[in-house]
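There are 2 protein chains.
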Amino acid sequence: MKEMILKQIGIIHTPFKEPKGTPIQPGKSNGTEGTIELNSEYVDGLKDLDGFSHITLIYYLHLSKGFELKVVPFLDNVKRGLFATRAPKRPNPVGLSTVELLRIENNILHIKNVDMLDGTPLLDIKPYVPEFDSHTQIRTGWLKDKSGKSEKTKADGRFDD
Amino acid sequence: MKEMILKQIGIIHTPFKEPKGTPIQPGKSNGTEGTIELNSEYVDGLKDLDGFSHITLIYYLHLSKGFELKVVPFLDNVKRGLFATRAPKRPNPVGLSTVELLRIENNILHIKNVDMLDGTPLLDIKPYVPEFDSHTQIRTGWLKDKSGKSEKTKADGRFDD
Chain L
1 MKEMILKQIG IIHTPFKEPK GTPIQPGKSN GTEGTIELNS EYVDGLKDLD GFSHITLIYY
61 LHLSKGFELK VVPFLDNVKR GLFATRAPKR PNPVGLSTVE LLRIENNILH IKNVDMLDGT
121 PLLDIKPYVP EFDSHTQIRT GWLKDKSGKS EKTKADGRFD D
Chain X
1001 MKEMILKQIG IIHTPFKEPK GTPIQPGKSN GTEGTIELNS EYVDGLKDLD GFSHITLIYY
1061 LHLSKGFELK VVPFLDNVKR GLFATRAPKR PNPVGLSTVE LLRIENNILH IKNVDMLDGT
1121 PLLDIKPYVP EFDSHTQIRT GWLKDKSGKS EKTKADGRFD D
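So the protein lines, in turn, are chains L and X.
Counting from 1, one number per residue, gives the positions in the first sequence under the numbering used here.
Counting from 1001, one number per residue, gives the positions in the second sequence under the numbering used here.
Hints should not be assumed to be uniformly reliable.
Only pairs whose alpha carbons sit at most 30 Å apart, straight line, appear in this in silico DSSO-like list of lysine-lysine [claimed, not checked]:
1) K70(L) to K89(L)
2) K17(L) to K1002(X)
3) K1002(X) to K47(L)
4) K112(L) to K1144(X)
5) K1020(X) to K1112(X)
6) K1007(X) to K1070(X)
7) K1089(X) to K47(L)
8) K1065(X) to K7(L)
9) K1047(X) to K1144(X)
10) K1047(X) to K112(L)
11) K1020(X) to K1079(X)
12) K1089(X) to K112(L)
13) K1020(X) to K47(L)
14) K1007(X) to K17(L)
15) K1112(X) to K1007(X)
16) K70(L) to K1047(X)
17) K1017(X) to K1079(X)
18) K65(L) to K1146(X)
19) K47(L) to K7(L)
20) K112(L) to K1002(X)
According to the in silico footprint, chain X covers these stretches of chain L (three or more CB under 8 Å from chain X) [stated by the list, open to error]:
21) 10-22
22) 53-65
23) 85-93
24) 121-128
Just so you know, these hints were derived from the structure itself, not from any lab.
Every residue, glycine too, gets a C-beta built ideally from N, C-alpha and C.
In isolation and in its complexed conformation, chain L is listed as follows (with noise of 0.2 Å):
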């Protein structure tokens, strides 16, 4: 299996129209809200969501085409590995973003904290289970001195030619 197919189940609206200006990460949106239109034959699929305060989207970075395999991170001026970062291009141009559910009406998901251009292409949603998917004693490397500065950073120019 070298090639898999998958599936657009939905798409991701937000106020992000282009590159220039979208956070770089959720937590840098400032709670910036959007909106889930899940295709309505997976409306099915969303029952129980609604208790869960924290979602995981996957979804295809449309716009990003190509990549390197050294890039210059957003929170640094040295050229790191590809796969230490979250840089959008990438072998795969898979995005992955943990957002706040706000509520759903029928097949939309009203959702905070967004990260995504508008127009993003989703491939599935999860739910957030801290035992699954929150860890302690971590060791972050390169990005460890970093936070500070994301702090102040929330776009930069990853997404431009």
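With chain L fixed as given, assemble chain X onto it according to the hints.
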């Protein structure tokens, strides 16, 4: 954009040769170790990754065929909406696990707390960054009273036909 083609960038090796007995999530694998064999053309992208204690893997659940929108999750005995569960049979069978990174030797990553089947195709590696990935003030819906049960539950028949 309705269909997207992703490519295998490596393969995950674990002791779990068949679905029966494979842990349901990394926290349940009790420290089981595995390896990632990254395709050699991507090895430059691993630079700096060894500074991170945890990495998040996105992978293709290659034995997961088909899906139903309501499923009985491993921790429960009533049907829940698919997107409110981590069940492997999904519209896009994409798995998500954060594992501990022990060490890297060339294109081989030694990892701990694996919950994938041996031979699972790898799609992406991202560094685990608590600032982005760890959340507090969480509600976990139907799962909230089940954590005691999950401590005792390792595998289930979710992959079984």
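* Asked: Any of the earlier hints contradicted here, and which numbers?
  -> 9, 10, 18, 21
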